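With the sequences and hints as input, model every part of the structure.
Heads up: the sequence lines are chains A and B, in that order. Numbered according to our numbering, the first sequence terminates at residue 217, and the numbering increases by one at each position without gaps. Numbered according to our numbering, the second sequence terminates at residue 410, and the numbering increases by one at each position without gaps.
The hints are simulated quantities; they were obtained by calculation from the structure and are not laboratory data. Hints are not guaranteed to be accurate.
Claimed, not checked - Derived pair list, reagent style BS3-like, types lysine-lysine, alpha-carbon separation capped at 30 Å: (1) K210/B / K64/A; (2) K265/B / K64/A; (3) K36/A / K248/B; (4) K265/B / K68/A; (5) K144/B / K36/A; (6) K5/A / K182/B; (7) K131/B / K110/B; (8) K186/A / K110/B; (9) K64/A / K159/B; (10) K159/B / K186/A; (11) K68/A / K114/B; (12) K139/A / K191/B; (13) K191/B / K248/B; (14) K160/B / K186/A; (15) K159/B / K182/B; (16) K76/B / K144/B; (17) K186/A / K191/B; (18) K68/A / K304/B; (19) K64/A / K248/B; (20) K50/B / K36/A; (21) K265/B / K5/A; (22) K159/B / K404/B; (23) K125/B / K110/B; (24) K114/B / K101/A; (25) K139/A / K304/B; (26) K36/A / K76/B; (27) K404/B / K182/B; (28) K36/A / K160/B; (29) K248/B / K5/A.
The structure presented is a predicted model; accordingly, all values stated were derived computationally and were not measured.
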Amino acid sequence: MNFLKRTIPLAIAFIMGVMMAFQYYVPHEISQSLLKVVSRWGITIGGFAVFLGAYSLFHLHMTKIRRKLPGWGYSIFVFLGAGITIIFGLYNGGEFFWNDKQEGTMFEWMYFNVQVPAGATMFSILAFFMASAAYRTFKARTNEATILLIAAIIVMLGRVPIGTMISQYFPIVADWIMSVPNMAAKRGILIGVSIGAIATSLKIIFGIERAYLGGGD
Amino acid sequence: MSIKMSRFFSLVISFTVVFSYAFPISAAGEKVLIAPTGFEAFDTPSDDGKSVSLRWTASPSASIDTEYVVFMSENKDGPFVTEALRINSLTMYEDNTHSRSHYAEVDPEKILSKESGRKNNKKEKAKHFFKLVITSGSSAMATKQIVSAFPEGDWFNWKKLNNFVLMVSFVALLLFFLNHAKKSPNLFIRKISGLDAIDEALGRATEMGKPALFVHGLNGMGSISTIAAVNILGRIAYRIAEYDTTLKVSNIDPIVMSVSQEVVKESYLEAGRPDAYVEDNIFLAASEQFPYVAAVSGIMVREKPATNFFMGYFYAESLILAETGANTGAIQIAATDSYTQLPFFITTCDYTLIGEELYAASAYLSREPLLLGSLRAQDVGKGVLIAALVIGTMLVTCGVGFVKYLFMAG
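Here is the structure:
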């Protein structure tokens, strides 16, 4: 059992990891074909995994409805929404799903008039959250928060016309803050992230990091 | 003819020659074209074997209204009717500099298949012949020589040699420190407050009898930050199983969900609590960004988890999720390598693991000597890069430019 659960996955991770690491340096057609094949495997596995996701979603909400858990009424909308979408998707404007996707169907109407506006509504909430988060952060309780507050005010004023009206130096200083200290910090983080990502990849390839297989060590 | 007359004619001829080079217009008002020289074709180095490189020296008659056209044939004797390349004569200089040489890469198989309107399934590669012509309006001037090349695939991309050397060096460094960690297991690792707070956060959830919510980022299993998040999930699930608290894991990607289910299940098994594992607690919340935000925010508001973990790569949803969690009064620990979202997490979460700390978390939590050794290698690697940056900046400032090429991307 340990052989199936540990040894084989570790061997696959090692072989594929080394192979794909070297693939990056080999431009030959064979190497490019290998990359294509492996990418296709990923897409195929992803296709099957959609069924697992759908099963998980429906099973979770069915359990909620069956056990009358708090908020179970919302779960009915999951089935209603998914059911109606699937029916119209398969109906395909009267041409049914075995034909090419049709334009101007009910399925498209629902996407553009329900899902897109609902998503945009969620996104628009971000503006209010940003204001409340900024209010909390900009209370100058520490030296770092004070520096952040001053930098933020300068950058904000440098990005709007009123800033230029107050002083022509605001846009210049704002640009300097963004392109020098901000860029330096960003690049510092990126270097750390890149080395961390490489180290994690190597740990997985060499089988040192096994937590992704589950369990402790 | 007198000497004076002969001097006069000599002067007129000289003037005409100079003038015709400077303003090469024929009697009919058309430009006199001079064929480019040094035309050569060769297999493109470090490629997959599909392209041929062409290089030639610019023609003296090149101007804004002249074009270079390269015709291609599969036979040396032609006919040269297939157009392989057409460029303005003042573009495509070699290495993007305004040197006197033009450089272009063409894919002969693609051009031939496009012309014939069908896919070329021939496995064996053929030699291709090229002819260069300079054109302006209706006049054209071709080079005398017909050049040929045979495209071949290469087994190593020499432009990536520096990258390869760096990779091998880093692997050697990692292996050295792993070996070192085996001999002296008590390596010093600096304190990471966010990771030390995990026990405190889980203890709080246990005391309150509320669940801990683990929120995955938006990237799939192909992203290294998601793998790092799954590694941390394994450690957290092990401790949760020991504390006998409920762990909920929200996912946006079905593959990440399946992997998370296995990881949590194994962790519960290892902790001796397989009975406490509930598969429905590791669920697919939604498969799109903002429906995911709505679903997870709803869980936070309704179930009020005592602890929220945000691990992985996040986009615009980070602030909505973290701010909703902050409003419910949960202890929040975030870890992301998405530097654009870091300010939002720092603002709204109690602890934030910045960038590389996400990758260090698994080693830090497990305290395994081998994993700690890899952290040391990571730090030394970073030190070497910092030194290279400082020394490189100084050298380039002093006019020593070769150092730029050592780190150039291939």
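Hint check:
1. Proximity of K210/B to K64/A is assessed by CA-CA distance (about 18 Å); at most 30 Å being required, the pair is judged to hold.
2. Annotation: proposed proximity of K265/B to K64/A holds, straight-line Cα distance about 22 Å (limit 30 Å).
3. Simply put, K36/A and K248/B have alpha-carbon atoms about 36 Å apart, too far for the 30 Å limit, and the pair is violated.
4. For the proposed pair K265/B and K68/A, the alpha carbon gap of about 26 Å is at most 30 Å, so the pair holds.
5. Under the criterion of a C-alpha separation no larger than 30 Å, the hint pairing K144/B with K36/A is inconsistent with the structure, at around 42 Å.
6. About 25 Å separates the Cα atoms of K5/A and K182/B, which keeps this hinted pair within 30 Å; it holds.
7. About 18 Å separates the Cα atoms of K131/B and K110/B, which keeps this hinted pair within 30 Å; it holds.
8. Distance hint between K186/A and K110/B is unfulfilled; the C-alpha atoms sit about 41 Å from each other, more than 30 Å.
9. Our distance criterion of 30 Å between C-alpha atoms is broken by K64/A and K159/B, whose separation comes to about 58 Å.
10. For the suggested pair K159/B and K186/A, the alpha carbons sit about 27 Å apart, so the restraint of at most 30 Å is met.
11. Proposed proximity of K68/A and K114/B is contradicted: the alpha carbons are some 63 Å apart, above 30 Å.
12. With a C-alpha separation of about 27 Å, the suggested pair K139/A and K191/B falls inside the 30 Å cut-off, and the hint holds.
13. Simply put, K191/B and K248/B have alpha-carbon atoms about 27 Å apart, close enough for the 30 Å limit, and the pair holds.
14. Taken as a hint, the K160/B and K186/A pair is honoured in the structure, with Cα atoms around 25 Å apart against an allowance of 30 Å.
15. Restraint check for K159/B and K182/B: the C-alpha separation of about 37 Å exceeds 30 Å, so the hint is violated.
16. With a C-alpha separation of about 13 Å, the suggested pair K76/B and K144/B falls inside the 30 Å cut-off, and the hint holds.
17. About 22 Å separates the Cα atoms of K186/A and K191/B, which keeps this hinted pair within 30 Å; it holds.
18. Straight-line distance between C-alpha atoms of K68/A and K304/B comes to about 19 Å, which keeps the hinted pair within the 30 Å bound.
19. This hinted pair checks out: K64/A and K248/B have alpha carbons roughly 15 Å apart, not beyond 30 Å.
20. In summary, the hint linking K50/B to K36/A is supported, as the alpha carbons are separated by about 16 Å, within the 30 Å threshold.
21. For the suggested pair K265/B and K5/A, the alpha carbons sit about 13 Å apart, so the restraint of at most 30 Å is met.
22. For the hint pairing K159/B with K404/B, the CA-to-CA distance comes to about 14 Å; that is within 30 Å, so the pair holds.
23. Note on K125/B and K110/B: the hinted pairing holds, with a Cα-Cα distance of about 12 Å set against a maximum of 30 Å.
24. For the given pair, K114/B sits about 28 Å from K101/A by alpha-carbon distance, which is consistent with the 30 Å threshold.
25. Proposed proximity of K139/A and K304/B is supported: the alpha carbons are some 27 Å apart, at most 30 Å.
26. At roughly 35 Å between alpha-carbon atoms, K36/A and K76/B are farther apart than 30 Å, so this suggested pair is violated.
27. Of the supplied pair hints, the one linking K404/B and K182/B is violated, its CA atoms being roughly 38 Å apart against a limit of 30 Å.
28. Using a Cα cut-off of 30 Å, the hinted pair K36/A and K160/B holds, with the two alpha carbons roughly 20 Å apart.
29. A threshold of 30 Å between alpha carbons decides the hint, and for K248/B with K5/A the separation of about 24 Å falls inside it, so the pair holds.
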